[in-house]
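Novice: The chain contents come next:
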Amino acid sequence: MSSEQKPMQYSDVNDDIVRSLVVTGRKYYITLAIAVTVMVTCFYFPWFYQLYYGIGAAGMNNPTVWGTYLASFIFWIGLSHSGTLLSCVLHITNSEWRKAMYRSAEAMTLFSLLVAVTMVMVHLGRPWFIHWAAPYPNQMELWPNFRSPLLFDVIAITTYLTGSLIFIYMGSIPDFAAVRDRTSGWRYHLYVLLSLGWRGTDTEWHRLGWAYTFLAVLIIPLAVSVHSIVSWDFAMSIVPGLHQTIFAPYFVVGAIYSGTAGIVTVMFVLRKYMNFEHFITKIHFDNLGKLLLLLSLLWSYINILELFTAWYGGTSTEYEQLRYKLTGYYSPLYWEMILFCAVAPLLLISKKIRTSFVPMLILSIVINIGMYTERFLIIATTLSRQYLPESWRLYTPSMVEISILVGSLAMFITLFLLFVKIFPSVSIYEVKETMPKPQKKNGDRSW
Amino acid sequence: MVSHAIGLFHDPESALHAAGQLKSAGFAQPEIMSPVPIHGVEEVLGPKKSVIKRFTFFGGIFGALGGFALAAGTAVMYLHPTGGRPIITIPPFLIISYEMTILCGILATVLGFLISARLPVFRERIYVPETAVDKFGVTVPCDSDEQFSDAERILEQAGAEEVRRLGDPS
Amino acid sequence: MSFMDRFVSGWRKHRQAATDDDFDYAWTMSIDLDRCTGCGACVTACQAENNIPLVGEKELAGGREMQWIRIERYWEGEYPNAKLSFIPMMCQHCDSAPCETVCPVSATYHNQDGLNTQIYNRCIGTRSCAVYCPYEVRFFNYYDHHWPAPLDQQLNPDVTVREKGVMEKCTFCIQRIRQAKDHAKDEGRRVADGEVQPACVQTCPSEALVFGDRKDPNSNVSKSINDPRAYHVLGELNTRPSVVYLKKVDADVV
Chain R
1 MSSEQKPMQY
11 SDVNDDIVRS
21 LVVTGRKYYI
31 TLAIAVTVMV
41 TCFYFPWFYQ
51 LYYGIGAAGM
61 NNPTVWGTYL
71 ASFIFWIGLS
81 HSGTLLSCVL
91 HITNSEWRKA
101 MYRSAEAMTL
111 FSLLVAVTMV
121 MVHLGRPWFI
131 HWAAPYPNQM
141 ELWPNFRSPL
151 LFDVIAITTY
161 LTGSLIFIYM
171 GSIPDFAAVR
181 DRTSGWRYHL
191 YVLLSLGWRG
201 TDTEWHRLGW
211 AYTFLAVLII
221 PLAVSVHSIV
231 SWDFAMSIVP
241 GLHQTIFAPY
251 FVVGAIYSGT
261 AGIVTVMFVL
271 RKYMNFEHFI
281 TKIHFDNLGK
291 LLLLLSLLWS
301 YINILELFTA
311 WYGGTSTEYE
321 QLRYKLTGYY
331 SPLYWEMILF
341 CAVAPLLLIS
351 KKIRTSFVPM
361 LILSIVINIG
371 MYTERFLIIA
381 TTLSRQYLPE
391 SWRLYTPSMV
401 EISILVGSLA
411 MFITLFLLFV
421 KIFPSVSIYE
431 VKETMPKPQK
441 KNGDRSW
Chain W
1 MVSHAIGLFH
11 DPESALHAAG
21 QLKSAGFAQP
31 EIMSPVPIHG
41 VEEVLGPKKS
51 VIKRFTFFGG
61 IFGALGGFAL
71 AAGTAVMYLH
81 PTGGRPIITI
91 PPFLIISYEM
101 TILCGILATV
111 LGFLISARLP
121 VFRERIYVPE
131 TAVDKFGVTV
141 PCDSDEQFSD
151 AERILEQAGA
161 EEVRRLGDPS
Chain B
1 MSFMDRFVSG
11 WRKHRQAATD
21 DDFDYAWTMS
31 IDLDRCTGCG
41 ACVTACQAEN
51 NIPLVGEKEL
61 AGGREMQWIR
71 IERYWEGEYP
81 NAKLSFIPMM
91 CQHCDSAPCE
101 TVCPVSATYH
111 NQDGLNTQIY
121 NRCIGTRSCA
131 VYCPYEVRFF
141 NYYDHHWPAP
151 LDQQLNPDVT
161 VREKGVMEKC
171 TFCIQRIRQA
181 KDHAKDEGRR
191 VADGEVQPAC
201 VQTCPSEALV
211 FGDRKDPNSN
221 VSKSINDPRA
231 YHVLGELNTR
241 PSVVYLKKVD
251 ADVV
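Chains as they are written, first to last, in our numbering: chain R, 1 to 447; chain W, 1 to 170; chain B, 1 to 254.
No lab work stands behind these hints: they were computed from the structure.
Just so you know, even glycine gets a beta-carbon here, dropped at the ideal spot from N, CA and C.
One should not assume that every hint holds.
As the list claims (entries may be wrong) - Dumping the calculated DSS-like pairs for lysine-lysine here, alpha-carbon to alpha-carbon at most 27 Å: (1) R:K352 <-> R:K282; (2) R:K27 <-> R:K351; (3) R:K290 <-> R:K352; (4) W:K23 <-> R:K99; (5) W:K23 <-> R:K437; (6) W:K48 <-> R:K99; (7) W:K49 <-> W:K23; (8) B:K247 <-> B:K83; (9) W:K48 <-> R:K437; (10) R:K421 <-> R:K290; (11) B:K58 <-> B:K164; (12) B:K185 <-> B:K83.
Said to hold, decoys possible - Across the chosen pairs, the derived CB separations fall in these ranges: (13) R:H131 <-> W:F58: 47 to 55 Å; (14) R:I402 <-> B:D182: 29 to 37 Å; (15) R:L32 <-> B:P157: 53 to 61 Å; (16) W:E161 <-> R:K351: 38 to 46 Å; (17) B:T44 <-> R:T41: 40 to 48 Å; (18) R:W128 <-> B:G38: 47 to 55 Å; (19) B:P157 <-> R:L418: 28 to 36 Å; (20) R:P389 <-> B:D227: 23 to 31 Å; (21) B:Q202 <-> R:P389: 26 to 34 Å; (22) R:G185 <-> W:P120: 15 to 23 Å; (23) B:T44 <-> R:P389: 22 to 30 Å; (24) B:T44 <-> R:L32: 53 to 61 Å.
Let the hints inform the model, and build the full structure from the sequences given.
Specialist: Here you go:
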């Protein structure tokens, strides 16, 4: 690592970050062009087709009226879970290693939440009336149904989106100010607005420190509640296989799990393509690897519990559900999920794997594939096997659904690519805090 | 003419020391501008109190009550019996209340931050761009040339690499 | 009355769950499985009465049929001793309906007649009600449906045609109930027993289906649901359905 040969200076940090914003290579434009093209062709065209044609363009049928759209929704909400949550926890516990990575992790939160909200729009039968789920006074004098778990979702996700946006923005104000001084043109005007006239005075730092800590304290319970509420969309029903008390912690653990894996992927890409080798090091991957290992064990534990309670309870519907899950039509996917999310991460016991970048990248992607499968199975296996055997029916996603899934990934990448050119994707002032403080120079006059 | 003296320091300790010296020399409250938050400012320049916690607290209380009132009030305004449950169902409405506590708490914290840090400001103010990179600046307002030279002397004695005089643009 | 008194009395009132006593009527259907021959006349009558679209062969195979009432068939045993039993299944109009609580926009709720109603105009198509319903009797409009001529001439003018993206289900022929209630109101009386019948009840050749108000102890349906054979489908879920089945008495078992 070059930083071992020549210690980094405060000014190097500014140089590196400003460079990452203003110097744009051809590779970047090519990637952006591909991402936008894929997004438009795989996401927007099929979606517009579906809007025109009806939800029938997707593969859903009568007992299985929920499908991959909702699975993607949970997946993206889950992916959003580590960013801001992890950042808040590490901020409160004063973890030094958080500082180089948290900005991009929070951006991940924000963008996956945006994609998740879009997935809800795609999922709805009549998305043009989605505003009816918002509480606002209207001429019909009709308000939304606050007893509905789906409305808890609307409120919780709105809060989470607002909270994450504010949290990432608050942490960036000093960086916007630092970048403002080094840029020109439209960027300069943008950063003047975004930095709010920040000067870095002692009072401003003091206020920012307090406000930031309060936000972190508020966002931790919020993030936990958001995924609990997402799980209640399912667990509050009386469908066998969904109606389980373990679902809230199951979803929260699963969300943090897939989110942490997502952070590893993003870290790898940033490190490789934005030349952030100085900031994102083996230490980060080692720590994230340990966290992933812990989460995979927790996740496996909850899965075993779910199976055990269903088996021990032994009601006919639960038992049929269990049998169907382990040996039925969707069982290859189930075992794939176990392999990807419970068995493969055990490799993380080895420090050698945790500190090598490519195996970590592969593991993180494998885990997220497994986690997507989990979300798909939660919907597909349970809804296709409910109480009345007459309405047992299989569900397979249509091409439109698969295409929209791919397109949503491209949408996330597009948003992230735009982000790294507008937001300083590594926090300038917090990285400086981790570096040794400038000491008095030799030969300075003594006081 | 109202102007400011600003001394740029290489390290935070010297800057803090200079600020303390200026304060004890009878200057108005000096301000420290730094690229990173520095510790020990309160020992030198006196304790700081912020009102943000009050904003957060009362924002949260408002959200908790307001959230429940929103859910229960609107349910009573247009009666929709659902699922054999009462019109005012306490557990679900507490969830709304919980989320609204956090939402209002967050918004109030932001408001408290903006008010107590006196942001946003878009007019020109005393500022040296180096303080956003690697220099620690100490500024004091100077009413006269004598005051400025006093300030310059104190700053240089404390180890300033450079002392500048900036006119107050306002 | 002071504000506080009004607040307290309002609170008490709205903290109480609605019961049968609060409804004007409690419409109930009983289905005698001993009489049901599984002919499917009710399915056809329902289709005609409620403008239910015909989805066609391909969609039916894909599992997107529209049948507010359907005959569920269950086979027991192997060929020589095979036994077929069937049960007509439609919206059970549960008093503790899981589908009602989950709708975020209140598109489905319990009305003053104890009916589980679906407001098509309000529906945004989350389809969560269909997931929450254990009876699988809610049907989603995957497309805009069209009736080829001359079928479009026979649409029932009293019933709306539903748009794509909207959930629909059995209403106990609410248009007939409304008419009967209006008529009764004009004459200043309650709806008499037998005055209103949903299309399926009207059509049933073996009179297996009986419809009426269970608040009236002398109505046919009240007598019928007091039969010892009466049971609720999935009664263990405690959804308190308004459809009561009378068990088929099996000669082999007795």
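Novice: Compare the structure with each hint and give your call.
Specialist: Hint by hint, here is what the structure shows:
For a cut-off of 27 Å, the pair hint linking K352 (chain R) to K282 (chain R) stands: about 10 Å separates their Cα positions. Between K27 (chain R) and K351 (chain R), the direct Cα distance comes to roughly 33 Å. Violation of the 27 Å bound is thereby established for this hinted pair. Between K290 (chain R) and K352 (chain R) the alpha-carbon distance is near 12 Å, which keeps this suggested pair within the 27 Å criterion. For the hint linking K23 (chain W) to K99 (chain R), the alpha-carbon distance of about 34 Å lies beyond 27 Å, and the restraint is violated.
With a C-alpha separation of about 24 Å, the suggested pair K23 (chain W) and K437 (chain R) falls inside the 27 Å cut-off, and the hint holds. Pair hint K48 (chain W) plus K99 (chain R) holds up; C-alpha atoms about 26 Å apart against a cutoff of 27 Å. Restraint check: the Cα-Cα separation between K49 (chain W) and K23 (chain W) comes to about 19 Å, which is no more than 27 Å; the hinted pair holds. Proposed proximity of K247 (chain B) and K83 (chain B) is supported: the alpha carbons are some 16 Å apart, at most 27 Å.
For a cut-off of 27 Å, the pair hint linking K48 (chain W) to K437 (chain R) stands: about 23 Å separates their Cα positions. Distance hint between K421 (chain R) and K290 (chain R) is unfulfilled; the C-alpha atoms sit about 31 Å from each other, more than 27 Å. Distance restraint check for K58 (chain B) and K164 (chain B): the Cα-Cα separation of roughly 18 Å lies within the 27 Å cut-off, and the hinted pair is therefore satisfied. For the hint pairing K185 (chain B) with K83 (chain B), the CA-to-CA distance comes to about 48 Å; that exceeds 27 Å, so the pair is violated.
Between H131 (chain R) and F58 (chain W) the beta carbons are some 30 Å apart, a value that contradicts the proposed interval 47 to 55 Å. Range check, I402 (chain R) to D182 (chain B): about 51 Å between beta-carbon atoms, so the 29 to 37 Å window is missed. Roughly 56 Å separates the CB atoms of L32 (chain R) and P157 (chain B), a value that falls within the hinted 53 to 61 Å. Between E161 (chain W) and K351 (chain R) the C-beta distance comes to about 45 Å, which sits within the given range of 38 to 46 Å.
For the hinted restraint 40 to 48 Å between T44 (chain B) and T41 (chain R), the CB-CB distance of approximately 45 Å keeps it satisfied. For the pair W128 (chain R) and G38 (chain B), the beta carbons lie near 42 Å from each other, so the given range of 47 to 55 Å is not met. Between P157 (chain B) and L418 (chain R) the Cβ separation comes to about 54 Å, which falls outside the hinted range of 28 to 36 Å. Taking 23 to 31 Å as the suggested C-beta distance range, the pair P389 (chain R) and D227 (chain B) conforms, at roughly 26 Å.
The supplied range of 26 to 34 Å is met by Q202 (chain B) and P389 (chain R), whose beta-carbon atoms lie about 30 Å from each other. Remark: the range hint 15 to 23 Å for G185 (chain R) to P120 (chain W) is upheld by a beta-carbon distance near 21 Å. As the Cβ distance of T44 (chain B) to P389 (chain R) is approximately 24 Å, the hint placing it in 22 to 30 Å holds. For the pair T44 (chain B) and L32 (chain R), the supplied restraint of 53 to 61 Å holds, since their beta-carbon distance comes to about 58 Å.
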